[in-house]
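For the protein sequence lines, the chains are Z and C, in the order given.
Once you know that position 1 of the first sequence is 0 in numbering that gives the first Met the number 0, the rest is easy, because the numbers rise by one and skip nothing.
Once you know that position 297 of the second sequence is 296 in numbering that gives the first Met the number 0, the rest is easy, because the numbers rise by one and skip nothing.
Don't read these hints as lab results, they were simulated from the structure.
Treat the hints loosely; a few may be bogus.
[As the list claims (entries may be wrong)] Simulated restraints on C-beta separations: (1) Z:A218 with C:D54: 47 to 55 Å; (2) C:E188 with Z:V183: 34 to 42 Å; (3) C:F285 with Z:T201: 52 to 60 Å; (4) Z:K302 with C:D54: 53 to 61 Å; (5) Z:R22 with C:D46: 53 to 61 Å; (6) Z:T201 with C:T192: 27 to 35 Å; (7) C:D49 with Z:M199: 47 to 55 Å.
For each residue, glycine too, the CB sits at the ideal point set by N, CA and C.
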Amino acid sequence: MAKTTAAKAAPAAEGGNLPFIYREYPRETLLGALRKMHLIRKFEEGAEESYMRGLIHGTMHLSIGQEASAMGICLPLTNDDQITSTHRGHGHCIAKGADVKRMFAEFFGKTTGYCAGRGGSMHIADVTTGNLGANGIVGGGLPIAVGAALTAKRLKTGKVAVCFFGDGANNEGAFHEALNMASVWKLPVVFVCENNKYGMSTSTERSTAVANIADRAAAYSMPGVIVDGNVLSDVAEASHAAVERARRGEGPSLIECKTYRYRGHSKSDRNRYRTKDEIDDWMSNRDPIERYEAQLVEFGIAKADEIEAIRASVAEEIAAGIEFAKASPAPEIADLANYVYTEQA
Amino acid sequence: MDAAVRELSYSQAIQEAMAIAMEADERVILMGEDIGVYGGAFQVTGDLIDRFGPDRVMDTPISELGGAGVAVGAAVTGLRPIFEFQFSDFAALAMEQIVNQAAKMRYMLGGAVSVPVVMRFPGGSGTGAAAQHSQSLEAWLGHVPGLKVIQPATPHDVKGMLLAAVADPDPVMIFEHKLLYKMKGPVPEGHYTVPIGKAEVRREGRDLTVVATSLMVHKALEAAETLAAEGMDVEVIDLRTIRPMDRETVIESVKKTSRLMCVYEGVKTLGVGAELSAMVAESEAFDYLDAPIVRLGGAETPIPYNPELEKAAVPQVPGIVAAARDLIRGAR
Numbered sequence: 000m001a002k003t004t005a006a007k008a009a010p011a012a013e014g015g016n017l018p019f020i021y022r023e024y025p026r027e028t029l030l031g032a033l034r035k036m037h038l039i040r041k042f043e044e045g046a047e048e049s050y051m052r053g054l055i056h057g058t059m060h061l062s063i064g065q066e067a068s069a070m071g072i073c074l075p076l077t078n079d080d081q082i083t084s085t086h087r088g089h090g091h092c093i094a095k096g097a098d099v100k101r102m103f104a105e106f107f108g109k110t111t112g113y114c115a116g117r118g119g120s121m122h123i124a125d126v127t128t129g130n131l132g133a134n135g136i137v138g139g140g141l142p143i144a145v146g147a148a149l150t151a152k153r154l155k156t157g158k159v160a161v162c163f164f165g166d167g168a169n170n171e172g173a174f175h176e177a178l179n180m181a182s183v184w185k186l187p188v189v190f191v192c193e194n195n196k197y198g199m200s201t202s203t204e205r206s207t208a209v210a211n212i213a214d215r216a217a218a219y220s221m222p223g224v225i226v227d228g229n230v231l232s233d234v235a236e237a238s239h240a241a242v243e244r245a246r247r248g249e250g251p252s253l254i255e256c257k258t259y260r261y262r263g264h265s266k267s268d269r270n271r272y273r274t275k276d277e278i279d280d281w282m283s284n285r286d287p288i289e290r291y292e293a294q295l296v297e298f299g300i301a302k303a304d305e306i307e308a309i310r311a312s313v314a315e316e317i318a319a320g321i322e323f324a325k326a327s328p329a330p331e332i333a334d335l336a337n338y339v340y341t342e343q344a
Numbered sequence: 000m001d002a003a004v005r006e007l008s009y010s011q012a013i014q015e016a017m018a019i020a021m022e023a024d025e026r027v028i029l030m031g032e033d034i035g036v037y038g039g040a041f042q043v044t045g046d047l048i049d050r051f052g053p054d055r056v057m058d059t060p061i062s063e064l065g066g067a068g069v070a071v072g073a074a075v076t077g078l079r080p081i082f083e084f085q086f087s088d089f090a091a092l093a094m095e096q097i098v099n100q101a102a103k104m105r106y107m108l109g110g111a112v113s114v115p116v117v118m119r120f121p122g123g124s125g126t127g128a129a130a131q132h133s134q135s136l137e138a139w140l141g142h143v144p145g146l147k148v149i150q151p152a153t154p155h156d157v158k159g160m161l162l163a164a165v166a167d168p169d170p171v172m173i174f175e176h177k178l179l180y181k182m183k184g185p186v187p188e189g190h191y192t193v194p195i196g197k198a199e200v201r202r203e204g205r206d207l208t209v210v211a212t213s214l215m216v217h218k219a220l221e222a223a224e225t226l227a228a229e230g231m232d233v234e235v236i237d238l239r240t241i242r243p244m245d246r247e248t249v250i251e252s253v254k255k256t257s258r259l260m261c262v263y264e265g266v267k268t269l270g271v272g273a274e275l276s277a278m279v280a281e282s283e284a285f286d287y288l289d290a291p292i293v294r295l296g297g298a299e300t301p302i303p304y305n306p307e308l309e310k311a312a313v314p315q316v317p318g319i320v321a322a323a324r325d326l327i328r329g330a331r
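This is chain C alone, in the form it adopts within the complex (with noise of 0.2 Å):
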């Protein structure tokens, strides 16, 4: 029987996921700064203090690197900690605890332990809130060998990559982009779970392979459609894992349509588009290809405050087709 599908936020999507782990296991928690009865910065949490009581809906002191750590202990010896850093940026202050602790535990003990422990990093930019609060540092985490590291773009996606990665024995890291939280979309009821590692094709077609992330997956299928009354026909991957990146959907794609494009919130250089390209020229898709491959990520500064500056600093849908629209028509 199929289940039935509603219409959520991607924020409240996030909820139900942490509500149906915490009904079907004790042992599942969520830690972070006032997610309590404050609900989350973002009201991620939102009410769930209230069915889950203060034990299981903690409160944590702002100690974002003892925070961490205390998720990470009770990872190793049996709860499974949902942990959320107010900011992704946050994150700065804990790697320690996410790089030489979680990612590295099981492997300095040949295989005696797992660490069983999500962290969710809310990231990017669009709210005005300066270079602290406003990065995309996926990359960070996605040059670490042990962690997974997922960016969920869809509603649908957040509480089928979310439920995966409670049920998943290593440390799974989800960023989701601030801007998401109030999109809406089809979310079905009940459990269900969105393999990590997998990419998805959102848009089908023949003369170009955008691959993108999170947020910017919305903007290039926007873009796409600018492209499509132009005649021409964009292949739109949401990337949705970038540790371990899904080698095979990209490589195909490229073969098929000849040229790529990476379109990524995070900084350009050596970011996600970066290893994005390298899969692909190292990869027998590179025989395939008619163009150079474009790369359209961050700017080379921090995120900054003035509201035009701000959307400068990332990519935007007139520029993903105006990229586009050259790399199809070979002015590139």
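Pulled out of the complex, with its shape left as it was, chain Z reads as follows (with noise of 0.2 Å):
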């Protein structure tokens, strides 16, 4: 989501006492905001959907219930920032600003799909909005975002890099050597942590020594905060300090967003490592979207017929990216060794 520095639009409303991004963005791009967190919902529901009726194979990690997460970092970036992803990535990828109908074609294995049908969900990716895709590796994507931001920092291309993983990556060596390194070269990254309790189905408490994932940022001296990750302006006002800290040429942050899948690890998930309890809860009490349009409307920004508008168009998008998806074409299976070498296309 771009923001111009130079002419900045009026904030969406004035009054010290507003959250973050009331004070900070215009009406238009909260509204943007909230259009993308539908659409990321819809676009999960559409393919989990699409995946129940064998229109899509293999398995996928639904981050529905996260969309604040993935919606509030990306606010303050630009299209030439750039993120790494996870196996949990298809909220990052349309954050970032990816066309639905391109992602949907990749779950459905056609070559109009971002990866040409040889990656599917979990190596989601549109290069071209920066996103340097999702990872099947947990932890994967760390190290590749602090050679994004080495890149950025020796170019001085003012960009910076944000590395989205799970409270499951934190116990990985990858994400202690990257924080380590980052730290070291002050390059300009921001990790994200989005802990969602469970990696698979082991809870943090049980496999993490300490109570959050920002006190590990302590270690490598780095600013870490914890943020309630179902609330967008929290996210984005965490975002927005560790992306200007990044761009300053201060270093790196840890942002922990506190958030909850509601949907199982993946499809084989039988969900015996949780209480049917606890997911009412998040589900009834703290829905991500459900606040931010409770509060768009307490705000004065938006009325009820402009958000029942804003679905109407996310379905129909939905609707019409699936359409899209069905109709593109197969790859050849001629074209299997394409993309291994350059010269092989």
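Two chains, two separate frames, one set of hints: put the complex together.
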């Protein structure tokens, strides 16, 4: 989501007591963020339904319930800034600006997909909007993001690299090596832990020696911030501060977004490691989209019918995206080896 | 105008190639453990930090996984990193980034990115460094589509192939035998490249084709001289690249000599020799074979410390001579 610093549009609302985003961004940006959060949820519901109907094979990891984290982190970023994403990465991809048509096409394994049908859900990426890719390896994107930040610093591009990862990744060696190097070299990178409480079935209490992932930041001499990952403004405020710090050349930060996935880890999950009460509590009382919509109405930024219009336009876009994917051509078998090496196309 | 040719050591040739690449392109950086003021564990980077500064000759922490991953991320986003593993054995710590990320990223993303990273792996036995600092692991990476894997055997080739690797848009893994670092040979000044994927016939012969890699090329050439004195004419091919392998040069040679012996330092089983043997057996050269294919590879053991055991664990000249003699005389 582009935000011009030169000629900044007037913020949506005035008033020192309002949450960050209402003081920082124009109304149009705030409604655009809501639209993308709906787009993420409806995209994933559409993908899930297509999977159930046998139109998509393999597996997928849904981030339904985590939309404020993806959107809030990406709100202060430009298309030039780069992200690395995770196996639960559909939301990051959409928040960064990808077109759901081409995402659906990728899930359907078609040539018009972002990865020409070679990657699927787990490797979804739109490089043109700065997404270096979802990753099937827990922690795999952490050093890569540090490398992107090294390029930005060395070539003085002014870009910031943002690295999404889950709570499970914080126990991988790559996490510790990446944070250490980013700090030693003062690189413009923001580490974003989306802590949804479980690495597959294992809770952070059972897997992690510190109470908060953000506590790990102290070991690498960088700021560590904990935010309610289901409150868009809180996430965006933390992201804004970390991104600005990175752009000023002051080095990396770690943000921990406390959030929750409504669905299981993947399609094989029987949900035996958490209670129905816990799931219901998050869905009923802490839903990131409902909370954001309530604020937009409360602060007079959007009316109910305007929100309804956003939902309707998202539904249309999702339906069109699925149709586009269905109608797109499958790859030729003869092209199996394309893209292994550069000379092979 | 032909460039002047000097005698340089293998490690000097690598250093010269890196310096040429860095002079020509700001995006080329070196990364690795103790490659800065220390000059690298084998003094390959030497004093390059004085010429190019610590921002381009970057000491990394002892973080092979993270360091390799940073090089991959930097390559994808616009730099041309040359990453040195202090010993090839330490690649085991970084296999995730090499195999799951660098090798596959272009494919997984449908061609949307390239990964122009070069990684250097000092390998091989003969230094008394025992089992965790002496392995020849090139076959591990040779098994991975998306990577290119090379083993230059001479100062001339290592300079030209390193410069080809830096210019390559895909990840190139260079395995350098540690005993080659001090070996001297003619090296032209200035920029030139030696193509990746092309083997070189080092010695022509009629009676037997020996395909060797890295240090074993020199042992095979020495063995061939001994056999020549006995009237046997051995052709020695320096494979130079194990992925992609040069089928044509090997197959044409075997069609000429009707015998094949593979000599390599990596563990014999499931190694480079297995691939060469299968490649020939599957080709039209099979009909030309007059004898079974022979593989001389590393023993099925870790590399031992005791110097006599260490020598016994990899092919040596007398063993190559004996095996070749038996093969040519039909004793096998």
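Hint by hint, here is what the structure shows:
1. For the pair A218 (chain Z) and D54 (chain C), the beta carbons lie near 25 Å from each other, so the given range of 47 to 55 Å is not met.
2. A C-beta distance of roughly 37 Å is found between E188 (chain C) and V183 (chain Z), which places it inside the suggested range of 34 to 42 Å.
3. Checked against the hint of 52 to 60 Å, the pair F285 (chain C) and T201 (chain Z) passes, with Cβ atoms roughly 53 Å apart.
4. For K302 (chain Z) paired with D54 (chain C), a C-beta distance near 54 Å keeps the hint of 53 to 61 Å intact.
5. At roughly 55 Å, the beta-carbon separation of R22 (chain Z) and D46 (chain C) lies within the given 53 to 61 Å, and the hint holds.
6. Range check, T201 (chain Z) to T192 (chain C): Cβ separation about 50 Å, and the 27 to 35 Å hint is violated.
7. A C-beta distance of roughly 50 Å is found between D49 (chain C) and M199 (chain Z), which places it inside the suggested range of 47 to 55 Å.
The structure does not agree with the numbered hints 1 and 6 stated previously, though it agrees with the rest.
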